[in-house]
Every structure is written in C-alpha cells, then in structure tokens.
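Number of protein chains: 2
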Amino acid sequence: MVNNVQRVDDNWRTCTKSDSSGKRNSGGESSKESSRSSTPVLAADRTERLRDKMRRRTESGDHWFSLEFFPPRTASGAVNLVSRSVANTNLPLDQAYGQSTFEMEIFDRMGSGGPLFIDITWHPAGDPGSDKETSSMMIASTAVNYCGLESILHLTCCNQTKETITGYLSKAKHLGLKNIMALRGDPVGADWEEEEGGFNYATDLVKHIRCEFDDYFDICVAGYPTGHPEAESYDEDLRHLKEKVDAGADFIITQLFFRTDTFLKFVRDCRAIGITCPILPGIFPIQGYQSLKQLVKLSKLEVPEEIMQVIEPIKDNDAAIRNYGIEQTVGMCRVLLESGNVLGLHFYTLNREVATMEVLRQLGLWIEDPRRPLPWAVSAHPKRKVEDVRPIFWASRPKSYIYRTQDWDDFPNGRWGNSSSPAFGELNDYYLFYLKSKSSKDALLKMWGEELTSEQSVYEVFTSYIKAQPNCAGHKVMCLPWNDEPLAPETNLMMDKLDKVNRRGVLTINSQPTINGMPSDDPIVGWGPPGGYVFQKAYLEFFTSSENVTVLLKVLKKYEPRVNYHIVNVHGQNTTNAHDMQPNAVTWGIFPGREIVQPTVVDPVSFMYWKDEAFALWIEQWAKLYEDESPSRMIIKYIHDNYFLVNLVDNDFPLDNCLWQVIDNMFELLDNPPEEQPTEQPAEQPAEESPVEDQPTK
Amino acid sequence: MVNNVQRVDDNWRTCTKSDSSGKRNSGGESSKESSRSSTPVLAADRTERLRDKMRRRTESGDHWFSLEFFPPRTASGAVNLVSRSVANTNLPLDQAYGQSTFEMEIFDRMGSGGPLFIDITWHPAGDPGSDKETSSMMIASTAVNYCGLESILHLTCCNQTKETITGYLSKAKHLGLKNIMALRGDPVGADWEEEEGGFNYATDLVKHIRCEFDDYFDICVAGYPTGHPEAESYDEDLRHLKEKVDAGADFIITQLFFRTDTFLKFVRDCRAIGITCPILPGIFPIQGYQSLKQLVKLSKLEVPEEIMQVIEPIKDNDAAIRNYGIEQTVGMCRVLLESGNVLGLHFYTLNREVATMEVLRQLGLWIEDPRRPLPWAVSAHPKRKVEDVRPIFWASRPKSYIYRTQDWDDFPNGRWGNSSSPAFGELNDYYLFYLKSKSSKDALLKMWGEELTSEQSVYEVFTSYIKAQPNCAGHKVMCLPWNDEPLAPETNLMMDKLDKVNRRGVLTINSQPTINGMPSDDPIVGWGPPGGYVFQKAYLEFFTSSENVTVLLKVLKKYEPRVNYHIVNVHGQNTTNAHDMQPNAVTWGIFPGREIVQPTVVDPVSFMYWKDEAFALWIEQWAKLYEDESPSRMIIKYIHDNYFLVNLVDNDFPLDNCLWQVIDNMFELLDNPPEEQPTEQPAEQPAEESPVEDQPTK
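Quick mapping for you: the protein sequence lines, in order, are chains A and B. With full-length UniProt numbering applied, the first sequence corresponds to residues 1 to 698, in that order. With full-length UniProt numbering applied, the second sequence corresponds to residues 1 to 698, in that order.
All the pointers check out, no bait thrown in.
No distinction is drawn between identical chains; accordingly, a pair holds when it is met within one copy or between any pair of copies.
Once the Cα atoms are required to be at most 30 Å apart in a straight line, the calculated DSSO-like pairs of lysine-lysine come out as:
#1 K293 - K265
#2 K293 - K315
#3 K53 - K558
#4 K162 - K173
For the record, the hints were derived by calculation from the structure and aren't laboratory data.
Excised from the complex, chain A in its bound form:
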C-alpha cells in the first residue's frame, strides 16, 4: 500500500520537473495556433480563461452565479463533496468499503446547474497543499479534472515562505488549476508583525504570483464592503483593495453582507477610486442559527437588527430559518441584479445544497442544460481543452479514463489516429483508487449475490441490473463493476434486447444504438451546439464464454464487412476483422459552421488496455467480495479466466442495427448445431449466405 502511494509521489515529482522547464507551457498558449486548432464544438466555454468568460458574460448581459465550498474534514466528506469513486485513495480496502454512503456528490449535482466557477477555500491547519484527499489542493484538482468545473483555489500567504508558496502554485499549475484567490489569511497567534520582504498582505501574494508565474493564473482578491475588520478605516481598506488590483488581480469577490445598499455603495466607492475590474457580491443564504452565529463571530460582522428580530424567535426551527434565509436572499439578489451593477452572484454554500439551489431556482439562474458539449463529460484541465475524441470503452468509466491518460502531453483533437500511440497508465498504480465500487461491501453483496451457485446466477445479476428490478433476494441491482450508474437513457431504449441476451450469458457492459441524424438538441441522444445532427454506429460490448465465441465467429463471417469485431480473452488472445491500427468512428456530429466532430471511436490499440481493466474489475470488485477459495469466488474467477470480451460495430448506420440479429443467429446456431441435423437437410445454406437482407428465420 505504502509502496503504491510512494510511486504516485515519484511520478508527481518527475512531472513537476518537466513542468519547471517551461516545456509543458509552450503548446497551448500560442494564441493564433490554438485558435485554429481549437475543438470545433466546444468553442469559447472550454478554451477561454475565467476572466475572459466573465467579460464575455458581462458583455452579453447574462446573469450568472458561482459557488464556494470548503474542503471536507474527513475522507468520507470528500467522497460526499466530489463525485463517486475518486476519493479514499489511502484507505485500506475494507475500510473503504465500510465507511461511506456516497449519497451527495455535491460537485456533480451542483455543477449541473451551470455555475461559472466554483472555489475551494484554503485551510492552513488542514494540510491544504498536500496529496490527501481532504486537502484544498486535491479537492480543487478533482473539481477541475474529473468534474470538469472551472475552479478557483484559495491560497493564504501569511507566515509562509516564498518557496512554500511557489511550491503550492507550481503544484496547482501542474494539476491544471488556473485560478487563485489570493488572501492574506489569519496570522497565527496574536504577536504577528510585518516582516520585511515577506507576505504581509494579499497584495504581496498577488505580486508574487505575477512575478513567478507571469499571466498564467487568473487572480481573484477579497473585497470588504464594510471594510476589513483590521483596517484603520473603510477608506484605507479601499486603498488596499486598489493596491491588490493594481498589483495584478483580475476580479474581486466580496465578503458577505446583509444589506444590498452596503454592497452597492462599496461598488460605487471602488469605481470612484479607479477600480474597474468585476466585483462579485458574496451571498450568504442564512441556513441555521448556529452557523450564522459562528460566521458572524469569524467575520466580525454585525447582523442587522431587522434580521435578528425575525430569527431569534425561530432559532430552534431549522426549516423555518432556512426558509427565511432563502426568501431574504432571493430578495437581496433581485435588488442586486436589478440595480444593473451586478451580473454575477457568488454564493457561500457552506457545502450545503438545498438553500443555494432553491435561491438559484427562484432567481431563474439554475439552468440544468441537458445539452452536453460532447457525448462524454469533458475535463477542465487546460491540457485537455482541445480533447474531443475518446475510445468508447471507458464510456461508463470516464474518471478512470481521465486518470489513466493524465500524463499525456497531447490529447486527440479531430481524429484519434493523429495522436501518438496511446500509453495508458498502468493498472497497478491506481487500482485501489479506481477499481473499487462506490457502494459498501454489504450493499454489493446484496446486489451481486451473497452466494453464487453457477455462471447462471451471475447472468441473473446482469439481467436484474438491466431491468432495474430486484434480484432473487429482493434487492435492486443499481450498479455493476463496469457501470457505477444505472443504465443510460439511450441504453434504456434497448432494454428488452439487452435483457434477452444477458439471460443467455451475453453479459453486456457497454452498448449504443444506431442513430442516423437526430437533432443535436435531442434530449436523449443529442450533444453539441444547437442546429446540428448527431449520428452513431451501433455498438455492443460483452463478456461471453469461449463456446459462444466459437459459434459467434462462424456467424460473424456472414456479416462481413458490415460488422467489425474484436474478441479477446484475459490472456490477450485476440481475433478481429478490423485493421489493427485503424480506429472506427462510432459517434459523430455535424454542426453549422464547424468541422466534423467524432467524439468516440473503437480503437484497436486502446481496446487492449481497456481489456486489462475490464477483466480486472471481475476480480477486484466482484470476486474479492467472497472468501478465498469459496465457490462464489471460484465462479467469478472462472469467468475471468475463460470468458472473452467482445466488441461489435455495425458500420451500416442508415439501416436497422443488425447486432441483435448477430447474437440471435449465434443462439440459433447454438440451439441447432449443424452436426445434429440430418444430413439430407442441407443446413439452411441460403439463409446463411445473406442473413442481412433475408432476415433468417428465428
């Protein structure tokens, strides 16, 4: 265990070195080059830096919002905060199984409402720059890399050396973070004194960032609408703010306030002394009596009398306070937005969803846009900003794909084949991190069977998952080792077919139907900008026995060249009728004024890497639920050792998907093997020769 972690650390250091040479930087930032090679679908939102996004939204007059989170205190809190299956790296397997409910996934849920950015606070006492899953650094990295959220990392400089700060910033840059909230932070102890050449004020940190990292980071600084508690005067504090902006800050987020006039006066005063950058109001929806009191204590703010008068009488009624907080916040926000001085609202969420989401919904700012820029979740890492092609194999495990490709220097843009030969991260480097389920061991045993008696009982787990129905023990199967989530809506369309084939041991783990030119804003299969059309070749990927594969290969001969296949077992024994280096595009889209986009391919080279992961999941997630040498474990082990992983593509997308017919033909041949037929009957030859046109009899 320790060894694994050590190895990750070593990798990290190696990467940092190549980073400091400046080489990593050179590619993406030459403006002309990158604007020509930018991905055609993802336009501005993905390639712009935060300050430019903000300017563009301001110019277009859109209202928008952002969300602040603090790093969780515990590992299970990290799992709640970020999404599934990306936390608990350092926990032993059993502990990881045992401890968490994974019910919240706040980032994925709150990210779906469309914040312009999120920000993660910096807790000097909590080892904020470490690799621990609860550190500010790691939480921000996860938000960017795995959740695809534009993120700001807070950073405090008080009592820190320049070397430490530079180290944090280098690490942040390496992880793909592009935005820093530069803060002084609270001095440790009462005897703090200004230090010559040290970090005495946030201004020093802003200057340091610009000096050491030039224009790489977008920098945000804090504004105090009622003046900083330690400042000599409101006016002196405004002058300090002006210094921070002049030193290179790009925009300002204010401390919370309870009256809109406070903020609007502050903005006027800032403008009066020449501060021209965006100023975002910090909005604090009151969510409870205790949290309000604690906050007031920390921020040295006074809660206005009119608010205390409402709250005091209901202080023990959490729901009532929250409802009041929502109403009061919505009112404030309306005034701010209507003032014309405010386009974006920054919310102090306290890591709670309900109040902020409700405020945003009432303001009409919470927009769950079902349109996806690409059919898979994009990462916000700057290296990946042009990425628009991925192998289809990781469709249900996007975070594993991001993790295994995180060391690539370039990402496929436009065509998979243009990228250099893929070098996927080794399985052993990350398997505890990525191969374990989000559910507890107990929950998994309930879903996947306390005791397996045969391969058939494994098939039943698959069919229960597909039908979203209880298994024989009465438990719903909500996930499989290869699918953390219930079936995708488009897969749902094929549920009956999937159910039928899984019953007979064609254990499907990935599939997509044929799509021949559906509008890009179709709620189920659409993606990309409006006004376009999306297409798919039918795809089916499954495990099945070697007996089935022998018959399947006979059937597939009749579907040449319409169907491409790759069939491989855990040992790498590989059969295919496809070019061994040429990817097959299986999802693509045509949009107004753009080049063609083909976000998913079946790539023969990547399939060999995926194969290792797909087979390992049998053992790591399923077999290990059972005692060593137990019959249940042996059954999974048998499947792992003897089954083949098969993928099929139907190239003829304008016709009906023929892959189900392929599987049906395989079952027919299994049910009626030629040698059992009387010799005088000449083995359905005609039908076999042209199965596609003739629809062979069932």
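Once you've looked at the hints, dock chain B against the given chain A.
The following block gives chain B in isolation, referenced to the frame of chain A:
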C-alpha cells in the same frame, strides 16, 4: 519575365538546402507514427512505396500493367503529354496563347485506366534534369504532383560525374519522385572506355543510389531477354543482371521481345541463378512500320520472320499494321499471363494511346474505376500522402492548389483546423504558369465574345457555359477562367437553377448540391471505399454586383444561422456571419472501420487567398484578350473592380438546399424594393420572418 523565372530558381535552391539537412525527411518515415496518422480513406495505395504495392498485388494474384512514356521534344508536346495548364512556363504570354491545341492530355487519360505506375525515359541530349517543361525531370514531376501517378524516372549514368548524378537524384527527391530506373545509357562516341571509380555500368549507379540515398528510392533495372547487345554472352549478361539486383535493385523491366518463349526462358534463367525480384515483361505493341524499323535499329533486336511476313505486305497501311499489332500483342500477353509467371505487363507506349489502350481493354486490364479515393484528385507526392482536407474554393483548379501549397511542410489530415495557418504561394510567382487558359486566344475570343457591350453580355457567356450551348455568335462555351472543364456531373444536376441566376448577374463559379447519405459508390457523387456513405452541405460561390450584395445581405439575415456566408470584393472588404477562424466542413464521408473523412471545407482564412486568384482571373484570362482601353476590356475591368465574390453554405443538409431560395428572395426584393410599396401595406413582414418554413411567395 526573366526576373520571375529567376525567383522561382532561387526558391528551388533554398528548398534544396533545407532538404539536404535531412529535416524534410524526418516526418513521414517513422513507420509506427505514420501508420497511425495515415489517412483513413486512402489506405495502402497512397502510402505504400512502389515495391510494396507490387508485392501486395503479386500476393493477391491481381494482374496489372504499367506504361512507359518519353519526354516530348517540344513544349506543346509537353502540354499534350501531361495535363492542361501546367506547361509552357517560360513562354511569353502571346506565344503561349498562340501555339497549342491541348487535345490529348495523355497522362490524365491513360492514368484513368489504372496503371500501377508510369515511367519517363531519360534523354541525355535533351537536358533531362533541367527545369524546362520538356525535361524528363519535369515531366515526371508533373506526373507525380499534378496527375497523381506513381512514376519512375529513368536515369543514365554513362559519362556523368558523381556530383551530377547526386544532383539529379537530390532534385528528384525534392520533387517528390521516389523511383528510379537505373541505366547505363549509351556511351557518347565510339571511344568510350571504362573509367576507374566512374559509372561504367548500371550496377555502379545502383550502388551509388543506395550509398547516397540509402533506402529512399525504389530502384528498377533493365533486363535483356536475348542478352544485352554489347554483352559477351547471354550468360554473362545474366550475371550482370544478378549484380545489379544484388547491388540493391528492387525489380526488373525487360527490353521488348517478340516471342513469349524468349521472356519465359529468361525468367527461368534468372530464377536459376538466384534472381528472386519481380521481372516485368516489356511489351511493345507494333504501331507502324517506320516506328518498328527504328526501334529494331536502336535496340539491335531481330524481328521474327513470321511477323515480318505479315507486316511487309501491309507496310503502307497504318491502320492495318496497328490492328495486327494489337492482335499480336494481346495474344502474347494472354500467353504470358496464363503462364502464371507474369502478373504485371509493362507497355512501351511510344506516347500513343490507341494501341496500348485497346490491348489493355481486350485483356480486361483497363479498368476505369469511377470511384475516387477522395472527391478531389490526389497528388502522389510523398509529403502529401496523408493529405485529406482541402478548401472547396480550388475544386475546379486542383493543380493551382497543389502549386500554391507545394512548399508546405505538413498537409491537413483529418481536420483542416489542425494545420498551421496556411501560407499560400504568392500569385505573382506563378501566374503565367497557372492563370492562363489552355485554349488559344482566338478560341477564347470566340467563346467569351470578340466584343463585349455590357455586363449583360458577360452574363450571357456564363449562361452559355452552363447550358453547354452556343453563344450568340454560334460558338459553344467550353470553359470559363475559373473552370477549365465543362460542368461536373453533379453540378449538371443544378443546371436550370444555375442558368436562371446567371442570367440575372449571379455569376456562379463553384457549387455543389446537398447530399444526405448517398452510397460511396454512387457514380455521380460517390467517393472513398465501398460500403460507406457520403454527405455534402450545399455550396454556392459567385460574383455579383454591389447592388445585389446590399439586398442579399438583407435576405441573409432571415437565414441565420442556417446559412453561412463570406462576401468580399477585390480590395478585401469582407462581410461574414461565420467565425473568422473556424472552417465549415462541407463534404464528408462515413466508411466501415474508419474514422470520419471530411475532404472539403469552407475555410475563412484560405478564402482570402482564393479571392485574390479568383479576381485576378478576370483580368489575366479575360480582360487581357482585348486591347487596352477597349470597351470590352473596360467592362471586365469594371466587374473586377466593383463586383463581390460571395460564398454561401446551407448548413442544414438533411433539408432541401435553401440557397436557391436565398437568391430568389434577393431577386424578389430587387424587383419589389420595400420603399416602392404603398405604406399602408405592411411589407410582407410575416413571410420575411420565417422564409425557410413558409416558402415566401414568388
């Protein structure tokens, strides 16, 4: 004039220098890299070297053929031999107009039958390595670069210094030639003696090529089925041949012979002494009495008695001799192919088409495959082997496009946007070469009008061209400055629409209809490998007056965002609703087991380069037909100075092409300008708001 030529020469030298640094070489030859980045459609034929193509064809048991040409003696011969508009660089304008009929274009015509390669003989007396359009070097370069033919350049070494030979080879490599036929050549004068360390035999040349250029070239050598006339014996000659092969030759083409036994024995004898490479029989269809006698004299061969007996009596009847030659050759070839020892036949064409084509047709080897690998003619230059995206603007001027991009280091593969910002060759470097018409001045005046009286008379030239009908003077208009050829078949489908709009001064120079998933083997619009589907967005490009453009822009507002447009005049004044850097794919194809191919795009940056060429053609090809200051010239000049070049794309390819409706709407608005309508009638507002759905009234 002289200055221009000098400049071209300077460029050439600069390029040679960068070549010798080896930099040019590094990209394309790393095998793994290039096999992954190879273009998905064009598979083996385009990326393989000749010897591998030959081996693949041999392994698959296909029969194939190749064709030998000699360089023409005169410039007009060069024009006949190669294709239109790529010769006569050095001729003054008037002379170029006056001299040629351009009727044959043998390369394009004989290339269409599918030769595996062609070869160009080397004439030491004809300055074979020079830049003259009649040189062996230039003819071979044209075949490769502009006609897309795999080509072998002959090279003789006798009496040459190593420096001279290396210079020729470097130049050949720079021009994209990859195959050399290594020959000794005839000694000059009778007193030739072996020279120590010099080129005494073809073997020396083979060794020199391998020594100086490693494996870059495929090398062919000559075989003499009856022994070389100067060899001491047949056996000694066989040993010389073995030496040539051992020195590094890849295959053998034999001297002509009249009896199949001669060749078959020769092959047996070669195999017996360990020559294992391919041996291609040189086939000479007898085409006339004089040419036969001359050839026999040169090659010191004896014509067998049985052939002379047939020919002598008919020696003054060319047609009879040719018919006999065809019959005799077909018979020989059948025997050779049926022997199983011969898969490829090499034809000495004597630059004449008829006999060789007829032989090939009778043998079933002449296969005019209407399937195109891409919708435009590909170049065989090795640098361009992955090229599969081009701007649509040069669709009718592919050779101009190849010329203007010849200095690029990389060519777009998969996506246009991935290539660096295009730097097109300057117009002044090549305009005499590329802007002049293939037709004589007299022919052009007949087609385009001896005298123009108004802009309307220009419109009539366009409509005559489109309808392929005689103009008012009774002459058919076969070409326009922007279109050397009659309308493409797919454009023909739109003839009536084109006719209608040209009549009113929408002077179309490029267009394509909407295609929504036609089979890739469709005879009119198909391209690419079988089993695929091709698509197009409708495209229309035309010149029109500024008055029309003013109204057109009003109309186009109603077609946002369905129609993208670029509108520019000769001064570069530019109006567009498209992203200024983002190309729009207008042709694409989906194929089994491949990535998406999008061979043509509307690229905003390239359009500005094309605009210069398109406007210049008005002056260079058309205005200059007339006297300075003549009314005809002034009319063309007026159009050049005042008209706009417009391109339109209909993004909604699954619907009917709306571009004709756009033009119709423009005409309607021109006919009924809003200000002329009585004010009480509220200007068809509803129809204008939704013209696409509502089909506004005519």
